[in-house]
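2 protein chains.
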Amino acid sequence: MKTNRYKGNPIITPKDIKPHREDFEVIGVFNPGVAIYNDEVILLLRVAERPICKNKEEFKAPVFNFPKGEIEILTLNINDESYDFTDSRVIKDNIKKDGSFKYLTSISYILKATSKDGKNFRIDEKPFIYPSNQYDVFGVEDPRITKIEDYYYIYFSVVSSKGVGVRLVKTKDFNVKEDCGIIFAPENKDVVIFPERINGKYYALHRPVPKCAGNPEIWIAESDNLIYWGNHKLLLELRENMWDNGRIGGGLVPIKTEKGWLELYHGASKNNRYCMGAVLLDLENPSKVLARSEKPILEPQEDYEINGFFNNVVFGCGAIVEGDLIKMYYGVADTSVAYVELSIKDILNSLR
Amino acid sequence: MKTNRYKGNPIITPKDIKPHREDFEVIGVFNPGVAIYNDEVILLLRVAERPICKNKEEFKAPVFNFPKGEIEILTLNINDESYDFTDSRVIKDNIKKDGSFKYLTSISYILKATSKDGKNFRIDEKPFIYPSNQYDVFGVEDPRITKIEDYYYIYFSVVSSKGVGVRLVKTKDFNVKEDCGIIFAPENKDVVIFPERINGKYYALHRPVPKCAGNPEIWIAESDNLIYWGNHKLLLELRENMWDNGRIGGGLVPIKTEKGWLELYHGASKNNRYCMGAVLLDLENPSKVLARSEKPILEPQEDYEINGFFNNVVFGCGAIVEGDLIKMYYGVADTSVAYVELSIKDILNSLR
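Each protein sequence line maps, in turn, to chains A and B. Counted from 1, the first sequence has number 335 at position 335 by the working numbering; the numbering is strictly sequential. Counted from 1, the second sequence has number 290 at position 290 by the working numbering; the numbering is strictly sequential.
Misleading hints may appear alongside valid ones.
Which copy is meant is left open, so a pair is good if it fits within one copy or across any two.
Stated by the list, open to error - Derived DSS-like pairs: lysine-lysine, alpha-carbon spacing no greater than 27 angstroms straight-line: (1) K126 / K147; (2) K233 / K147; (3) K18 / K96; (4) K2 / K345; (5) K259 / K233; (6) K116 / K60; (7) K327 / K170; (8) K102 / K233; (9) K96 / K233; (10) K345 / K170; (11) K270 / K177; (12) K295 / K7; (13) K233 / K172; (14) K68 / K170; (15) K201 / K233; (16) K201 / K7; (17) K102 / K92; (18) K270 / K96; (19) K68 / K116; (20) K288 / K256; (21) K102 / K270; (22) K177 / K288; (23) K233 / K68; (24) K170 / K60; (25) K68 / K288.
In short, the hints are calculated from the structure, not lab data.
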């Protein structure tokens, strides 16, 4: 399958972002939501920053103090055996040993960037969405954007010690935002909302992470107002001994094609190598899977996809679709944004 | 506080139930949902059965095979170190060691019982709700019943290897049932739906169990059709060093009082001692907590509450409210059903 990566990749890197605090450094700008507004490409970038830490015996964890309205920095001793510092993304609880995290190593917010040519972006200085309440004291992550009629619906993970859920805001102009609250309670992320009603109902893919039984897999839910969701059904499962045997979740907003709804999702192996795959869902009944890619349609191959803050990640949250072309902006190695063009026809032909 | 336990407790025990298969034994009849229908008390009992196992080296796990439509029995070797058999309720994964379960030791279904005097029950022979699909192959558990206008809404945990979620069915006559699908995706249980709209919206308490961060605590959600739910908010947290420091979840359908919505919830300590507590929620805005009980309003004290299939459990899912009186039917030690009368006034006076 042709995957036309842009020669100038990565198109946005941490060097392009000024930290929003002088004592912080930008470690990642990645996983953008994508939309067209006023004939320009809008990216809602996830920016991850961490406190600059010069003492190698220390680990600094940023936490938003929501009544105070500012980030506080917790200093942890790297020799403290109650913590597990081996994952670059999270500080785990070494006492519980159940895989749960105590803190994140960085805090993410959402930043807007705008482009006329889709390659060169003007990046805002001030955050577009910033932590603001008890549910996002560890940050806001991985936005997706679905345009329905006059509104852009923007939804993203909110992370706190109470869990990871998904919040929805809507806007007409990427300026005034209306909060619609948490649409999927913890633990859930990787929501993608379909861009139109299907037989009168809205649909979304979501990815619960249950504790006592079950895997991080893709479910589908329906709604009549985009805020309240129900009739949950399991849609797509992990596949043993394949590239998506560790965790899967929605990626791009589903694309309507003649053959069905085409969803480009992410799948990680048990070794945390993140690829993108495709699944085709019935046009009239999107809880019915018609076909699924055997092999990834995009996988970490280039240096910027292999090496970074978290290695071996391609992670698409949004794209512009023009005819047969999917112009995808995707996160690479939890560090930067890259651009690739994919053919819908090619993808459909590759599915089984 | 006065807690008038019925002298004839427990009122229903496993001996009162005939196993639905000859090769099974009933180990529990407990945690009933409660309603009044045709001037009679209806209990929807959770019945737990397990395959009779005479070989002490073996453990038999019952699993509903949903395409076949019948329960299959998996035989496990008790010396198999990939399993942890120490919890009487579940068989855990001894390789993952993350607390997740592989199988349950019993399979639950829901059985209807009817009474004119509220003490002596005629118990149906055939299950009222039985496992029927991929989401409940390990059973259906802990029903609650909310009556709203003409319908009785019955909702209960569905348990499978894909997780624990909550399904809703509705009925007018406890005979013809309409399925409304899974209203809360895994992992979630202990849903209680308020008995009327509040400022135009329906509300429910629910209890997600997130994996990567967060605790088993009580959240509140809203709906406009009882099927789709959103605007999730954290309502009630665990309390360190108190009787409800391990896990909490909704118990009875909330009771409307002059002071607010009174919710009797269950709380377990880290040592799995299950008590009932109370919380008072604002009449106009039930996501606002007005008061909460410092001490349990009911705790395991009697022999039938202390000793059983799972020791030290009082667990209320339903009650009949008459004036100041809460006539609660509650599960004891995951084994039997007991009856207690509580005074709303007493409970309200005890709250802080």
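K288 and K256: within-copy, between-copy, both or neither at 27 angstroms Cα: within (15 angstroms within a copy, 42 angstroms between copies)
Given a CA cutoff of 27 angstroms, do K116 and K60 count as a within-copy pair, a between-copy pair, both, or neither? neither (39 angstroms within a copy, 65 angstroms between copies)
Intra- versus inter-copy proximity for K233 and K102 (alpha-carbon distance at most 27 angstroms): For K102 and K233, only the inter-copy Cα distance (21 angstroms) is at most 27 angstroms; the intra-copy one is 30 angstroms.
Within a copy, between copies, both or neither: where do K327 and K170 come within 27 angstroms Cα-Cα? Answer is within; shortest intra-copy Cα gap is 23 angstroms, inter-copy 46 angstroms.
K270 and K96: within-copy, between-copy, both or neither at 27 angstroms Cα: both (21 angstroms within a copy, 13 angstroms between copies)
Under a CA distance limit of 27 angstroms, which applies to K2 and K345: within one copy, between copies, both, or neither? For K2 and K345, the Cα distance is within 27 angstroms only inside one copy (11 angstroms; across copies 72 angstroms).
Checking K270 and K177: alpha-carbon separation at most 27 angstroms within a copy, between copies, both or neither? The answer is neither: 38 angstroms in one copy and 42 angstroms across copies each exceed 27 angstroms.
K102 and K270: within-copy, between-copy, both or neither at 27 angstroms Cα: both (22 angstroms within a copy, 19 angstroms between copies)
Up to 27 angstroms CA-CA - K60 versus K170, copy category: Neither: 34 angstroms inside a chain and 52 angstroms across chains, both beyond 27 angstroms.
Under a CA distance limit of 27 angstroms, which applies to K345 and K170: within one copy, between copies, both, or neither? neither (32 angstroms within a copy, 45 angstroms between copies)
If the cut is 27 angstroms between Cα atoms, do K68 and K288 qualify within a copy, between copies, both or neither? between (47 angstroms within a copy, 21 angstroms between copies)
Between K96 and K233, at a C-alpha cutoff of 27 angstroms, which is it: within one copy, between copies, both, or neither? Cα proximity of K96 and K233: across copies only (26 angstroms, versus 31 angstroms in one copy).
Checked against the numbered hints listed earlier, the structure breaks hints 3, 6, 10, 11, 16, 19, 24; every other hint is satisfied.
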